[in-house]
Amino acid sequence: MATDKSTPAQKNFVWQSNAKDSDFTASFPKAPDMELILIGSELYQNPEEHDRLVLHYKGKPATKKNGIVSGDPIVFTYRSGKLTSTWNGYVHHVKQDNSWQGGNTDIVCVGASWVLKDTDQKIYKNVTADQVISKIVKKHSMQAVTQRDPRVRPQISQAGQSDWQLCRSLAKQTGFALLAENTTITFVSKNKIYQSKKSSAPYFKYVDNENSSITPGMLRMTGTILAFEPMISDQAPENGARLDRVISGSNTNTGAAVKTTHVHPSPTSGNSGVVIPNQTYFAQRITNG
Amino acid sequence: MANFSTNKSDGKQTAIFKKHHPHEVITDLTTSKQISQAYNESNRYQHTAKVTIVGHATLRPYDPIYLDGLPNGMSGYWTVLSIEHIFGGRVAKYMMNIEVGTDVIGDVDLKAKDRSDTRDVQSDFAGQSLTSSPSKLTEYSLSPNSSPINPTYGVTATTAIQNLSAVAVPKVTGTTSFKDLPPNISGVKKTIQWTSTSSGKVLQ
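If you read the protein sequences in the order shown, they are chains P and W. For the first sequence, this note's numbering begins at 2 and goes up steadily by one. For the second sequence, this note's numbering begins at 2 and goes up steadily by one.
It is possible that part of the hints are untrue.
Stated by the list, open to error - For each label pair, taking beta carbons as the anchor points, the in silico distance ranges come out as:
1. W/E85 x P/T253: 40 to 46 Å
2. W/N44 x P/D34: 26 to 32 Å
3. W/T198 x P/D34: 42 to 48 Å
4. W/G107 x P/G104: 28 to 34 Å
5. W/E42 x P/V259: 40 to 46 Å
6. P/N252 x W/K112: 38 to 44 Å
7. P/G60 x W/N73: 24 to 30 Å
8. W/V105 x P/N210: 40 to 46 Å
9. P/K139 x W/N73: 46 to 52 Å
10. W/K112 x P/Y45: 51 to 57 Å
11. W/N44 x P/Q122: 28 to 34 Å
Since the hints were derived computationally from the structure, they do not count as laboratory data. Remember, predicted model here, so these are calculated numbers, not experimental data. Cβ atoms here follow ideal geometry from the backbone N, Cα and C, with glycine treated the same way.
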C-alpha cells in the first residue's frame with residue numbers, strides 16, 4: 002500500500018526548507034493489496050555499490066494477502082518540494098521481528114542493477130574500458146551512459162567474476178565514476194559530472210551563532226544544513242590544526258632517525274582597545290583647525 | 002636511488018621498496034601517463050566531511066553541491082561521495098546524511114544561492130545530459146512468487162487423536178502435532194526484470 006501519512010512527530014521541524022512538503026511511497030506490482038503502513042525507510046546510494054533500500058512497516062501482512070518474497074519488484078517514489086525521484090529495485094529479503102513491542106516488518110531491497118551479479122567467462126580484445134561497460138550493460142537490457150577512455154587495452158579478461166565486479170575493477174583502474182541508478186549504469190569521469198552540474202548545484206546553508214560559540218538547535222534548524230562534521234586530516238593543516246606537527250621516520254639508506262617539526266603559526270595578537278588614528282586623520286584636523 | 006640490482010652479495014638489501022605487487026607492465030610512455038592520470042583520479046577528495054541536510058530528492062553521488070555558512074572558510078562547492086536518504090525521521094520527515102569531499106577548499110561562488118537546481122540547461126542544449134532514462138517492468142508472470150504467501154502450505158495435517166476414554170488424556174501419535182510442507186520451487190525459472198526504456202549513449 003502506498004503510504005504518505007505522517008504523524009505529528011514526523012512533521013518537519015526545519016523552518017526554511019522546501020522539504021517541508023515531502024513524502025515517500027512504496028508499491029509492489031506483484032502485491033498491490035499490501036495494506037501495511039510505511040512508517041519509515043532508508044535509501045543508501047554509494048558509488049560502485051548497488052543501491053539499498055530498507056522499508057519499515059508497522060505490523061505484519063495477513064496470510065490472505067499476496068505474499069512478498071525475495072525477487073519481487075518494487076517501486077519507491079519520494080519527493081521533496083517539486084523534486085521527485087522514482088527508485089526501481091527488487092526485494093532482497095523480508096525480516097519480521099517478534100519483540101515485546103509487537104512485530105513489525107522490514108523489507109530490505111536492492112537496486113535494479115542487482116542483475117549484474119551474474120558471473121561470466123569472457124575475454125574482450127582491443128577494447129577500451131567504456132566499451133566493455135557498454136557491452137555488459139547491453140547484455141542485461143539496461144542503459145549505459147559512458148565516456149570514452151583514451152586507453153585501448155589489448156585484452157580485458159573476465160575469469161568467473163561477476164559483471165559488477167568487472168565494472169568496479171575498471172572503474173578503479175580508470176578513476177571514472179561508476180554509478181548504478183535504476184536501469185542506467187553511468188561510467189564517466191568525475192570531472193564530467195561535476196562540470197556539467199556545477200551551474201545548477203543545489204544550495205544549502207549552515208546557520209551558526211555569530212555572537213557565541215554555542216548554537217542552539219532552534220537556530221541551527223533555520224538553515225538547511227542540520228549538522229556539519231569535517232574530517233580533518235594531516236593533509237590539511239591549514240584547516241583546524243592548532244598544534245605543531247611532528248613527522249618522524251627513518252632514512253632507509255643510512256638507517257638514521259629523521260625528525261622534522263612544522264611549527265603552528267599562532268594568530269598575531271592585535272592591540273585591541275587602543276585606537277591609533279592614521280595620518281589622514283591628523284591631516285584633516287590640521288586643515289579644519 | 003637504491004634498487005634490487007644494488008643488493009649486496011652478503012644478502013643485505015639496500016632497496017627502498019622491499020616488495021612489488023605489479024598489476025600490469027607498461028612498455029610505452031603514453032600508456033604510463035594515462036595510467037598515472039587514472040590513478041590520480043581514483044585517489045581524489047583529500048578533504049572530506051559528513052553533513053546532514055534536509056531532503057533533496059534528485060541529489061546523487063558525485064553531484065556538486067554548494068554548502069554556505071560553514072566555519073573556517075570551508076564554504077563553497079563540494080562533491081557528494083555517498084548518500085543515505087532517511088524518511089520518517091524525527092527532526093525532519095525527509096533528511097539526508099551525506100559524505101562530501103573536495104580537492105580544494107574555498108571554491109566560493111557568491112551567486113550560487115540564486116542558481117536554479119531543477120534543470121541542467123547546458124546538458125539539455127548539448128544533448129549530453131547525465132539524467133538517467135526511466136525504467137519499465139518486463140515480464141514477471143513465470144515467477145514462483147505469483148502464488149500466495151503459503152503456496153503449498155494448504156495441507157496442514159490434523160493430529161490423529163485416539164480417545165481411550167472420556168476422561169483420559171488423548172494420545173498423540175507422532176512427534177509433532179503439525180507438519181508443514183515447504184513449497185516446491187525446483188525447476189522454476191525466475192524472469193522478473195527491470196528494463197531501460199532507451200538504449201545507451203556515449204558522451205564525448
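Verification of the hints:
no.	hint	verdict
1	W/E85 x P/T253: 40 to 46 Å	holds (43 Å)
2	W/N44 x P/D34: 26 to 32 Å	violated (50 Å)
3	W/T198 x P/D34: 42 to 48 Å	violated (27 Å)
4	W/G107 x P/G104: 28 to 34 Å	violated (52 Å)
5	W/E42 x P/V259: 40 to 46 Å	violated (31 Å)
6	P/N252 x W/K112: 38 to 44 Å	violated (51 Å)
7	P/G60 x W/N73: 24 to 30 Å	violated (48 Å)
8	W/V105 x P/N210: 40 to 46 Å	violated (28 Å)
9	P/K139 x W/N73: 46 to 52 Å	holds (48 Å)
10	W/K112 x P/Y45: 51 to 57 Å	violated (33 Å)
11	W/N44 x P/Q122: 28 to 34 Å	holds (31 Å)
In this structure, the hints that do not hold are numbers 2, 3, 4, 5, 6, 7, 8, 10, in rising order.
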